[in-house]
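Could you put the whole structure together from the sequences, leaning on the hints where they help?
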Amino acid sequence: MRGPNTKAFQQGFLKNMIFSLQACSEFCISSSASGGAAMMSLQQRKCAIKSSANIAMATARGGRARWPQAVLASSSSPSRRPSKPSSSPGKKKKNTHVCKKIVRRCLHTRRRWRAGTGASSLARTTSTTTAMIGSREIARRLVRKRTKVLRKMIPGGELLDEISLLHEAVDYVAHLHAQVDVLRRISNAVQRG
Amino acid sequence: MSSRRSRASVSEEEINELISRLQTLLPSARRRVGREASTTKLLKETCSYIKSLHREVDNLSDRLSDLMATMDHNSPGAEIIRSLLR
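Residue numbers (the working numbering), protein chains in the order written: chain H, 1 to 193; chain B, 1 to 86.
Don't read these hints as lab results, they were simulated from the structure. Don't take every hint at face value.
[What the hints assert, rightly or not] In silico SDA-like links for lysine to any residue, alpha-carbon gap of 20 Å or less: (1) B:LYS44 - H:GLU158; (2) H:LYS145 - B:ASN16; (3) H:LYS145 - H:ILE133; (4) H:LYS148 - B:ASP62; (5) B:LYS51 - B:ILE19; (6) B:LYS44 - H:ALA189; (7) B:LYS44 - B:LEU18; (8) H:LYS50 - B:LYS51; (9) H:LYS15 - H:LEU176; (10) H:LYS145 - B:LYS44; (11) H:LYS46 - B:ASP62; (12) B:LYS44 - H:GLU137; (13) H:LYS148 - H:ASP181; (14) B:LYS51 - H:LYS15; (15) B:LYS44 - H:LYS15; (16) H:LYS46 - B:LYS44; (17) H:LYS152 - B:ASP62; (18) H:LYS145 - H:LEU176; (19) H:LYS15 - H:ALA189; (20) H:LYS50 - B:HIS54; (21) H:LYS50 - B:LEU67; (22) B:LYS51 - B:PRO27; (23) H:LYS50 - H:ASP181; (24) B:LYS41 - H:GLY134; (25) B:LYS41 - H:LYS50; (26) B:LYS41 - H:ARG144; (27) H:LYS145 - B:LYS51; (28) H:LYS145 - H:HIS167; (29) B:LYS44 - B:ILE19; (30) B:LYS51 - H:LEU165; (31) H:LYS152 - B:LEU67; (32) H:LYS50 - B:SER52; (33) B:LYS44 - B:PRO27.
Structure (structure tokens):
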């Protein structure tokens, strides 16, 4: 039986989440020098909840999959900055950096493709070039492109080969599903009580 | 060489099995009756599904953080949650 649908996983997930939320609030209280009532800003709380949900999911999953380690590694390396939205410009920089990389890679592959066909200098006549390359090659390229995107979605997916990537994808989707379910139940419970 | 071919065929079977499992997980599996999904469409759908799940987690944590603004982080709230979900 698969892990994420069992009650044990959901309880473990919930427990981990409560622990990490408490740890977050304690950290916030201890880090704010002005003692007394230290309420986290909305942004901080949102980040805390999101990261604790991911950490809880990863730790409740246990040994056999690859993505929990990647999630834990990525959440532990940036030190917790309990102040300011300074994380957003940092993230923006990272995003533009990643976008530049992607654009560069796309251009590179497109250039390689143009050089590879050789027959038509105008790359606009894609119909002739595709006819020359053959449909199987196209399918392979498309699959490669899609797996690249999939690799980015799954934490730790960049190092895996295709088969393990598919394994991880199946596992990750199931667990994300369970995570959404537990979060929904938690918010309903809090709303009611 | 024969070992290479047998290895390739084994992984192809594995790939097909994984793809079918992935297909059952995706929400569109209930709509479609026949398995005519090409691999690329399936991968694209997986990516968009993961993205939508991430967005859902975001929305839910937004909602939770809004709700928790009125609640204490201390143990009584956690106890309530734990007891409700048992």
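Hints, verified against the model:
no., hint, result
1, B:LYS44 - H:GLU158, "holds, 17 Å"
2, H:LYS145 - B:ASN16, "holds, 19 Å"
3, H:LYS145 - H:ILE133, "holds, 17 Å"
4, H:LYS148 - B:ASP62, "violated, 30 Å"
5, B:LYS51 - B:ILE19, "holds, 19 Å"
6, B:LYS44 - H:ALA189, "violated, 35 Å"
7, B:LYS44 - B:LEU18, "holds, 15 Å"
8, H:LYS50 - B:LYS51, "holds, 15 Å"
9, H:LYS15 - H:LEU176, "holds, 17 Å"
10, H:LYS145 - B:LYS44, "holds, 10 Å"
11, H:LYS46 - B:ASP62, "holds, 6 Å"
12, B:LYS44 - H:GLU137, "holds, 18 Å"
13, H:LYS148 - H:ASP181, "violated, 28 Å"
14, B:LYS51 - H:LYS15, "violated, 26 Å"
15, B:LYS44 - H:LYS15, "violated, 34 Å"
16, H:LYS46 - B:LYS44, "violated, 29 Å"
17, H:LYS152 - B:ASP62, "violated, 24 Å"
18, H:LYS145 - H:LEU176, "violated, 23 Å"
19, H:LYS15 - H:ALA189, "holds, 15 Å"
20, H:LYS50 - B:HIS54, "holds, 10 Å"
21, H:LYS50 - B:LEU67, "holds, 14 Å"
22, B:LYS51 - B:PRO27, "holds, 13 Å"
23, H:LYS50 - H:ASP181, "holds, 14 Å"
24, B:LYS41 - H:GLY134, "holds, 19 Å"
25, B:LYS41 - H:LYS50, "violated, 30 Å"
26, B:LYS41 - H:ARG144, "holds, 12 Å"
27, H:LYS145 - B:LYS51, "holds, 17 Å"
28, H:LYS145 - H:HIS167, "holds, 18 Å"
29, B:LYS44 - B:ILE19, "holds, 12 Å"
30, B:LYS51 - H:LEU165, "holds, 17 Å"
31, H:LYS152 - B:LEU67, "violated, 32 Å"
32, H:LYS50 - B:SER52, "holds, 15 Å"
33, B:LYS44 - B:PRO27, "holds, 13 Å"
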